[in-house]
Amino acid sequence: MTAPLNRDQMAWRVAQDIPGGSYVNLGIGMPEMVSNHLPEDRQIIFHCENGILGMGPVAAMGEEDFDLVTAGKKPVTAIAGAAFFDSADSFAMIRGGHLDIAVLGAFQVSAGGDLANWSTGLAGSTPAVGGAMDLAQGARAVFVITEHTTKDGAPKIIPECSYPLTAAGVVTSVFTDLAVIDIGKNGPVVREMVAGLSFDDLQARTGATLTLSPTCKVLKAPALKATQRHPI
Amino acid sequence: MTAPLNRDQMAWRVAQDIPGGSYVNLGIGMPEMVSNHLPEDRQIIFHCENGILGMGPVAAMGEEDFDLVTAGKKPVTAIAGAAFFDSADSFAMIRGGHLDIAVLGAFQVSAGGDLANWSTGLAGSTPAVGGAMDLAQGARAVFVITEHTTKDGAPKIIPECSYPLTAAGVVTSVFTDLAVIDIGKNGPVVREMVAGLSFDDLQARTGATLTLSPTCKVLKAPALKATQRHPI
Amino acid sequence: MSIDKRVPSLEDAVRGIADGAVVAISGFGEAGNPTELVHALIEQGAKDLTVVNNNAGTGRMGLAKLLAAGRVRKVICSFPRSAKSVVFQELYKDGKIELEVVPQGTLAERLRAGGAGIGGFYTPTAAGTPLAEGKETRIIDGRDHVLEFPIRADVALIKADKADPFGNLTYRKAARNFAPAMAMAATLTIVQAREVVGLGDIDPEHVVTPSIFVDRIVEVSQPISEAAALLQQVSR
Amino acid sequence: MSIDKRVPSLEDAVRGIADGAVVAISGFGEAGNPTELVHALIEQGAKDLTVVNNNAGTGRMGLAKLLAAGRVRKVICSFPRSAKSVVFQELYKDGKIELEVVPQGTLAERLRAGGAGIGGFYTPTAAGTPLAEGKETRIIDGRDHVLEFPIRADVALIKADKADPFGNLTYRKAARNFAPAMAMAATLTIVQAREVVGLGDIDPEHVVTPSIFVDRIVEVSQPISEAAALLQQVSR
Numbered sequence: 001m002t003a004p005l006n007r008d009q010m011a012w013r014v015a016q017d018i019p020g021g022s023y024v025n026l027g028i029g030m031p032e033m034v035s036n037h038l039p040e041d042r043q044i045i046f047h048c049e050n051g052i053l054g055m056g057p058v059a060a061m062g063e064e065d066f067d068l069v070t071a072g073k074k075p076v077t078a079i080a081g082a083a084f085f086d087s088a089d090s091f092a093m094i095r096g097g098h099l100d101i102a103v104l105g106a107f108q109v110s111a112g113g114d115l116a117n118w119s120t121g122l123a124g125s126t127p128a129v130g131g132a133m134d135l136a137q138g139a140r141a142v143f144v145i146t147e148h149t150t151k152d153g154a155p156k157i158i159p160e161c162s163y164p165l166t167a168a169g170v171v172t173s174v175f176t177d178l179a180v181i182d183i184g185k186n187g188p189v190v191r192e193m194v195a196g197l198s199f200d201d202l203q204a205r206t207g208a209t210l211t212l213s214p215t216c217k218v219l220k221a222p223a224l225k226a227t228q229r230h231p232i
Numbered sequence: 001m002t003a004p005l006n007r008d009q010m011a012w013r014v015a016q017d018i019p020g021g022s023y024v025n026l027g028i029g030m031p032e033m034v035s036n037h038l039p040e041d042r043q044i045i046f047h048c049e050n051g052i053l054g055m056g057p058v059a060a061m062g063e064e065d066f067d068l069v070t071a072g073k074k075p076v077t078a079i080a081g082a083a084f085f086d087s088a089d090s091f092a093m094i095r096g097g098h099l100d101i102a103v104l105g106a107f108q109v110s111a112g113g114d115l116a117n118w119s120t121g122l123a124g125s126t127p128a129v130g131g132a133m134d135l136a137q138g139a140r141a142v143f144v145i146t147e148h149t150t151k152d153g154a155p156k157i158i159p160e161c162s163y164p165l166t167a168a169g170v171v172t173s174v175f176t177d178l179a180v181i182d183i184g185k186n187g188p189v190v191r192e193m194v195a196g197l198s199f200d201d202l203q204a205r206t207g208a209t210l211t212l213s214p215t216c217k218v219l220k221a222p223a224l225k226a227t228q229r230h231p232i
Numbered sequence: 001m002s003i004d005k006r007v008p009s010l011e012d013a014v015r016g017i018a019d020g021a022v023v024a025i026s027g028f029g030e031a032g033n034p035t036e037l038v039h040a041l042i043e044q045g046a047k048d049l050t051v052v053n054n055n056a057g058t059g060r061m062g063l064a065k066l067l068a069a070g071r072v073r074k075v076i077c078s079f080p081r082s083a084k085s086v087v088f089q090e091l092y093k094d095g096k097i098e099l100e101v102v103p104q105g106t107l108a109e110r111l112r113a114g115g116a117g118i119g120g121f122y123t124p125t126a127a128g129t130p131l132a133e134g135k136e137t138r139i140i141d142g143r144d145h146v147l148e149f150p151i152r153a154d155v156a157l158i159k160a161d162k163a164d165p166f167g168n169l170t171y172r173k174a175a176r177n178f179a180p181a182m183a184m185a186a187t188l189t190i191v192q193a194r195e196v197v198g199l200g201d202i203d204p205e206h207v208v209t210p211s212i213f214v215d216r217i218v219e220v221s222q223p224i225s226e227a228a229a230l231l232q233q234v235s236r
Numbered sequence: 001m002s003i004d005k006r007v008p009s010l011e012d013a014v015r016g017i018a019d020g021a022v023v024a025i026s027g028f029g030e031a032g033n034p035t036e037l038v039h040a041l042i043e044q045g046a047k048d049l050t051v052v053n054n055n056a057g058t059g060r061m062g063l064a065k066l067l068a069a070g071r072v073r074k075v076i077c078s079f080p081r082s083a084k085s086v087v088f089q090e091l092y093k094d095g096k097i098e099l100e101v102v103p104q105g106t107l108a109e110r111l112r113a114g115g116a117g118i119g120g121f122y123t124p125t126a127a128g129t130p131l132a133e134g135k136e137t138r139i140i141d142g143r144d145h146v147l148e149f150p151i152r153a154d155v156a157l158i159k160a161d162k163a164d165p166f167g168n169l170t171y172r173k174a175a176r177n178f179a180p181a182m183a184m185a186a187t188l189t190i191v192q193a194r195e196v197v198g199l200g201d202i203d204p205e206h207v208v209t210p211s212i213f214v215d216r217i218v219e220v221s222q223p224i225s226e227a228a229a230l231l232q233q234v235s236r
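Protein chains in written order, with the numbering used here: chain A, 1 to 232; chain B, 1 to 232; chain C, 1 to 236; chain D, 1 to 236.
Derived by calculation from the structure, the hints in this document are not laboratory data. We put the beta carbon where it would ideally sit given N, CA and C, even for glycine. Misleading hints may appear alongside valid ones.
[Unchecked claim] Straight-line Cα separation of at most 25 Å, DSS-like style, residue types lysine-lysine; simulated pairs:
{"id": "1", "chain 1": "B", "residue 1": "74", "chain 2": "B", "residue 2": "225"}
{"id": "2", "chain 1": "C", "residue 1": "47", "chain 2": "C", "residue 2": "65"}
{"id": "3", "chain 1": "C", "residue 1": "65", "chain 2": "A", "residue 2": "74"}
{"id": "4", "chain 1": "C", "residue 1": "162", "chain 2": "C", "residue 2": "93"}
{"id": "5", "chain 1": "C", "residue 1": "162", "chain 2": "D", "residue 2": "162"}
{"id": "6", "chain 1": "D", "residue 1": "65", "chain 2": "B", "residue 2": "74"}
{"id": "7", "chain 1": "D", "residue 1": "135", "chain 2": "C", "residue 2": "135"}
[To be verified] Quick list of the computed label-pair ranges, beta carbon to beta carbon:
{"id": "8", "chain 1": "B", "residue 1": "56", "chain 2": "D", "residue 2": "224", "range": "22 to 32 Å"}
{"id": "9", "chain 1": "C", "residue 1": "198", "chain 2": "B", "residue 2": "184", "range": "52 to 62 Å"}
{"id": "10", "chain 1": "D", "residue 1": "8", "chain 2": "B", "residue 2": "56", "range": "38 to 48 Å"}
[Said to hold, decoys possible] Far from chain C, some chain D residues (derived; all Cβ distances over 10 Å):
{"id": "11", "residue": "8"}
{"id": "12", "residue": "59"}
{"id": "13", "residue": "82"}
{"id": "14", "residue": "90"}
{"id": "15", "residue": "221"}
Kindly produce the complete structure, drawing on both the sequences and the hints.
Following this line, the structure appears as structure tokens:
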């Protein structure tokens with residue numbers, strides 16, 4: 001039987017691939033959960049595009065400082081050794097290639113590593129991009145965390161994105177509830193798959209043509225309960 | 001008899017034209033002397049391109065701090081309300097049009113306000129520009145302080161510069177030992193002349209065609225002794 | 001005559017802002033919003049404004065209130081869509097307001113360029129996306145770049161933590177965000193500071209926005225916290 | 001494993017700098033020069049270097065000593081000519097060194113662009129002058145602009161005042177100058193700090209160069225003052 005990861009397990013799995021000493025930006029939403037699941041022996045410095053390097057855990061209820069919020073506007077804390085700076089300097093870090101990893105959500109990822117995560121292109125929706133294009137274009141590695149398919153079962157890893165692009169050819173790896181997939185020169189390569197899923201099963205849920213890594217392993221994560229979120 | 005101003009008197013004369021509250025950069029050399037001759041009732045904030053806003057007087061002998069030097073590398077002080085910043089920010093101030101006035105020296109000034117003050121263009125000399133082009137191009141007003149002619153008596157205010165340009169069409173006013181001349185749309189206009197000099201005398205020492213302002217006054221300065229300079 | 005950029009009231013601070021002005025307003029979400037200055041601008045009455053902000057107002061205060069008052073013709077921002085941006089979204093859906101969406105880093109860099117006298121710059125951000133449509137592109141070092149032009153503002157409304165009489169500013173934590181770049185990019189930079197301190201009370205090493213970028217300062221010692229107000233609503 | 005970028009010695013700090021490297025060296029005249037790092041680089045032996053600095057060395061120490069040792073193929077700077085730049089000027093007159101003169105603001109901005117991922121920018125500085133010869137120009141808003149490209153360095157040698165183990169830096173007064181932009185522009189940023197302090201000892205509001213731009217830190221608690229040495233010569 002297929003045993004897909006839950007959201008916290010997906011976040012945990014991403015966390016395992018972040019080397020100690022990395023400078024990392026976590027996008028809004030599921031990417032933010034990654035910081036809850038870091039191995040204890042690794043120190044990672046989190047960057048927040050509104051001007052924080054050394055972002056700490058979410059602020060405890062009642063101890064919020066509303067001058068210290070995440071890009072998602074949640075009250076947060078800063079670690080010893082943090083730095084504050086302005087938006088221009090913050091994006092100089094992002095765009096100058098100084099972030100080791102950006103962990104981002106996705107609507108679609110193409111076989112060539114194109115990312116679509118800011119707009120569904122639907123008429124009538126208000127366009128809004130935030131820092132998504134800067135992060136996707138600027139970080140040295142872009143990790144995507146996303147369910148393998150949409151709620152309707154449509155594949156999200158596809159030959160070409162149909163939604164408006166965030167950036168072309170930038171995705172390094174995709175971490176889904178079913179697999180870990182690296183975007184190689186010749187397209188997506190499956191590095192890990194959950195137990196009970198055959199390669200053909202995974203391919204059937206994927207739009208782009210997959211390659212199975214000869215060293216493909218079982219995608220495993222410990223049992224994890226859902227992270228608590230700040231109410232704002 | 002012609003009574004040309006001495007260097008301190010020229011600096012004094014420039015100082016009289018700097019409104020209170022101005023942000024001003026003084027170039028290396030004679031322009032630096034301007035700060036010694038400000039009217040007591042005016043507060044001016046001096047910018048130094050190596051990263052000081054609110055530069056104070058030259059440091060007293062024995063009290064030098066060699067982390068606090070002018071663009072000419074002389075030990076200096078900072079006033080209360082000063083700020084330090086890096087070179088990129090410093091030139092953002094200059095190039096972004098935030099300086100009210102730059103006071104600069106000149107080899108030549110053209111009738112159209114072109115400035116040549118960085119290179120004589122002689123073969124074999126080492127080219128060196130520093131911040132001269134940025135200041136000339138960026139400041140809202142460029143005051144030139146210079147002897148009216150070279151040591152050999154050649155005019156410095158001429159129809160077109162023969163030396164390599166620092167910037168084109170930027171000079172606002174020229175303060176010489178003989179006259180104060182504004183660069184107008186139709187060329188140089190004499191605003192003040194020293195006593196004992198006729199307009200024809202002045203024209204004879206000037207390469208560009210001058211216009212006499214209908215409100216031209218006598219250029220006067222108090223008797224001033226030479227400023228002491230730091231030995232470094 | 002010593003330099004002193006303090007003005008006695010919010011009314012004095014926003015005096016003379018013209019109809020049709022480009023107004024840059026600091027803040028990211030709810031952190032760093034100059035709410036009192038924006039409310040004073042509503043009182044002052046200028047209309048047909050173009051507003052530059054990272055967002056497009058949240059809740060019902062500050063920028064959202066300015067939008068609701070019908071004073072804004074156009075918003076230039078990176079992220080106008082959030083659950084709390086109700087005022088903007090209604091106006092936008094009704095076709096009552098123009099929107100220019102700019103990637104957040106490009107927005108910050110365009111403002112800095114406006115302040116730093118840069119005529120234009122090339123960035124890979126947005127290359128190959130709909131936000132680069134109609135823009136000049138160029139391949140530099142094998143990579144597609146988009147040519148972006150500076151944003152200059154007639155007025156910046158800025159929230160600072162401390163200010164001295166010259167106009168040197170510090171900020172608090174992530175409330176700094178767009179304020180330094182906007183202070184540089186505006187012809188008239190108006191600051192509400194939580195505390196006005198004496199000359200020399202801000203260490204020259206710690207100044208974030210040097211006084212050259214600041215024109216008027218008004219002390220607002222206990223500014224409204226839009227975020228705290230929103231939290232109270234959520235908690236209710 | 002907590003992050004700690006300190007290295008035990010100057011020798012460790014400059015380890016691995018390759019022949020042919022582009023080396024950005026902080027300092028303006030004598031303020032902010034990382035003299036001990038430059039001397040360690042001489043010991044380390046890398047040659048055929050391109051050096052980026054505002055000047056081209058003064059006196060006989062630091063950069064002047066590196067030049068005298070014949071390790072530098074090319075200097076990119078704004079002002080190589082001063083009464084004290086004797087070493088450079090001799091090499092230049094003998095045709096033993098290349099020189100690229102860049103206006104000081106363009107030098108700072110090109111380094112910042114290198115650090116900030118800007119592919120190129122337009123500036124009015126140097127338009128219509130010999131320093132714009134051969135460069136692409138463009139009229140923007142009726143004004144001539146020159147297209148300038150970023151400077152990226154393989155290595156930056158930086159002098160700071162305080163550093164923490166992550167690599168957050170502060171500077172002293174006008175010794176800050178080119179260091180922040182060079183730290184951004186280099187692949188490997190090596191810092192000599194007067195004092196290494198504990199994590200949290202630098203207020204996050206007061207950090208000038210955030211740790212993300214720093215790779216190695218070595219403490220040099222009593223750095224040579226090139227200026228003081230020169231003053232002694234003058235006073236003698």
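Which numbered hints fail: 4 and 9
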